[in-house]
Amino acid sequence: MPPSPVFLPAPSIGAPPAPRVPRPERYTLSNGLRVVAARMGEIPQVVLRLAISAGSAAEPRDRPGTAALVGHLLTEGTELHTAQELNARVDYLGALLHANVGHDYAEAEAVLLHETLEEGIHLLAEIVTRPSFPDAEVERIRNESLDALVAREDEPGNVADDRVSLEVFGADHPYGRPYFGTAEGIAGVTRDELVEFHARHYRPAGAYLVAAGDFEPGALREMLEAAFAGWAGEGPAVEYPAEVGDTPEAAGRLVVFPWEAAAQSEIRIAGRGIDRRSPDWVRGAVANYILGGSTITGRLGANLREEKGWTYGANSAFSAGVARGGWTAHTAVDVEVTADAVEEMLREMRRMAEEPVDEAELRRARDAMVLSLPRAFETPGQVASRLGTLEAYGLPHDYWDRYPAAVQAVTAEDVRRIASERFHPDRVVRVVVGDGVA
Amino acid sequence: MQDTHDAPFRIESRTQVLRNGMRIVAHEDRTAPLVAVHLMYRVGSRDERPGRTGLAHLLEHLMFEGSQHAPKGDFDDLLERVGGTNNGSTWLDRTNYYETVPSHAVELPLWLERDRMAFFLPTLNEETLEVQRGVVINERRQSFENRPYGMADERLHELLFPGGHPYSWPTIGYTRDLDAMTLEDARTFYSTYYTAGNAVLVFAGDIAAEDAFALAERYFGDLPSGPVLPDPARSDALPSVGVRETMEDAVSFPRTYRAWAVPGYGTRDWVALDVLAYLLADGESSRLQRALVREGQLAQDVDTYLYPTALCGIFGIVSTARSGVDVDTVDAAIRHVLDSVARGDVGEDEVLGAVRRVRRDHVGQLATVEERADALAYAATVLGDAEALNRVSALYDEITAEDVERVAAQYLDESRGVTLLVLPDEAEEVQDAA
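If you read the protein sequences in the order shown, they are chains X and S. Quick note: the first sequence uses our numbering, first residue 13, plus one each step. Quick note: the second sequence uses our numbering, first residue -8, plus one each step.
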């Protein structure tokens, strides 16, 4: 028998490494397209994201789904290539080329191996600037999208998400409506309307492109100038409703959506959030981190998962938007404890609104947020996201440099105030999708 | 035209073995001030016995409930304070525990892992077992039971691996087995498998190999080796069944699942099958996307997968029917595409494109030190050494159209696989897409 292992004292931890935030190049192409380019030489990959204010907030109110369909159809044929030719070329290059459409932006993304950068950039420019919307592809994508809507509703979590957005923002706000449209809108929109939406909104002035990865900066700029040379103009500004109030009209309500034979209840508790540009955003992030930012140590997870064993996880998050977004806490629990789980969540939320957090808990949250920053800038995709955030919401270029100090300045009183404004049970809506919930 | 491609992306590493048999792998990358620490035990759900399925995964949950010098809550708390993250996961062949920390704090995860490798049993108790049993049963509900098509994989594996094969039961476990699990089950499993001699420890990131080896010696060098474990039964005869079954679920559209047992991870045929998986369904121009979705307009989606598992690989094809399309029509179209590949009409350009798409995903998947550490640990655990990761990666360049055609004919035959059709139950059939 070897001797029993001895106890070793816990290691003392030295000073943390200084954060290294990328210093991208910023320039504007001759057609007005803003470019942010961060070179990272470690892996042979380049991520390019071109974002345009052509999300669902920009679509005609009577044609929900227009923006999503246009995004989907960018890769379905151009003036130069049929969909088949385009797909064959993209797949031969081993590239990823697609568009994601949200409420605020349509974002075309290319993920390229270093060796295929030049052709990949030309293909990205081609799909964004010269899609041809072939009739056959429009009809196929329309039908696929209609089936996808039906399949989406098979999942109780999706039903809960969609319903809570409606309850928080209402049908008159773009964030209250699904960014992927409705069956009626998708079935009704014409090809001409899609072409018109693209022609109107997909313009370089006002759009931005973020590049991150393994490229030579001078060569990248030349490639971008060449690829986007024929593109010009400026899209219209998207109109958002005037500033909404702090409290949803349905605040205090419980909306129950029965789901026969559900194995769990999906619970959402949600309210209005914080403007992404406000100094309160960072304070809210700290408050949210303590409540539900971390599955195990957040108060919601510690209570519902670690103490009670009712759920696999309970979390919460603020959502960012060009207009003020929302705040949502979410979990899925044993059907039998649904009502108790809602009560426990509200209790944790009220406790944060009424009692100051202790300094140790606050310090842990701030340190975790600041010291984990290097992990947020590790890959080309992550760097593109962090830099894209600054462009999308009009934040200052030194935002990430100043972020650690901003987080460390958050006080217990800041956290209590934000919690009382955002998490208090009187200011939120409750949605439950499940079985046997009274 | 760009008809060449760069050399495979290599992950360089060095390996040392401690006296107790624990293998230490170091991969240096100074790009970000981060170190990933990854501890992988060679134990998974395959090492369970019928009646106690889900034990490996339940034990993984219990491992986060505290050890003698780091009581419940400390593990996450201490790591969060230094800006670190941590998690664990359980699969068929391995269980892993991993932390990513800013490089100044690299000793913290080592100290914590040492504590739960050497001082875990004294803190294991009925109360934490009960709570984590509830968490895992809810994980099973959330991830499988309450998801459309969520129970299909479980049934597929039961059909594909008859006769108590260790891949026949789900890693999450059956609810009745989770209900029956005792503290003694957890203790025995832990004592058998959670030992230095059964572990691989990988450091990836902002640390020199020599420093990594010295730290490993300091935190793990004195721990006992543990019992010598036999190699898992790896049979050359692959399960071969030829079964077709239907099941109902609360879904709006029927879906077909096909699966085959194929050679294990890292073999040349496994690599050829991986290229085949990409050639069939990755990318809009791939064969199944064209035949089923784009041109055939029979299916909403189609996907292929290949598990990098040790005893054998598992090759799967999944496709959801469009509204108004009979699922048998979808299934027949899949068979037709497989037959055309097996008959030999694959072009070398098609293979080159598929290999590039594999490389694109490899590069993307290996972009973080956390994922690199995982890949190195997996190669060391399943293939015997970390450097095997680069050997497998290099094999992709050797794959020809003929290889792809041969493996399709040899392994994806109708008589060898399982087909599972998931049909909408009665409540859903009245729905219409329009």
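Source of the hints: derived by calculation from the structure; they are not laboratory data. Where is the CB? At the ideal position from N, CA and C, for every residue including glycine. Keep in mind that the hints are not guaranteed to be accurate.
Claimed, not checked - Calculated from the model, a selection of chain S residues having no Cβ within reach of chain X, i.e. all distances over 12 Å:
1. D38
2. D317
3. L343
To be verified - Below, computed lysine to aspartate or glutamate pairings styled on DMTMM-like, alpha-carbon distance capped at 25 Å:
4. S:K63 x X:D346
5. S:K63 x X:D379
6. S:K63 x X:D287
Here is what the structure says about each hint:
Every C-beta of chain X lies more than 12 Å from that of D38 (chain S), the closest at about 24 Å, which supports listing it as non-interface. Non-interface call for D317 (chain S) relative to chain X: holds, since the shortest CB-CB distance, roughly 15 Å, exceeds 12 Å. Not every beta carbon of chain X lies more than 12 Å from that of L343 (chain S), the smallest distance being close to 7 Å; the non-interface claim is violated. Annotation: proposed proximity of K63 (chain S) to D346 (chain X) holds, straight-line Cα distance about 24 Å (limit 25 Å).
Proposed proximity of K63 (chain S) and D379 (chain X) is supported: the alpha carbons are some 21 Å apart, at most 25 Å. With a CA separation close to 37 Å, the supplied pair K63 (chain S) and D287 (chain X) exceeds the 25 Å bound.
Figure legend: structure checked against the earlier numbered hints; hints not met, in rising order: 3, 6.
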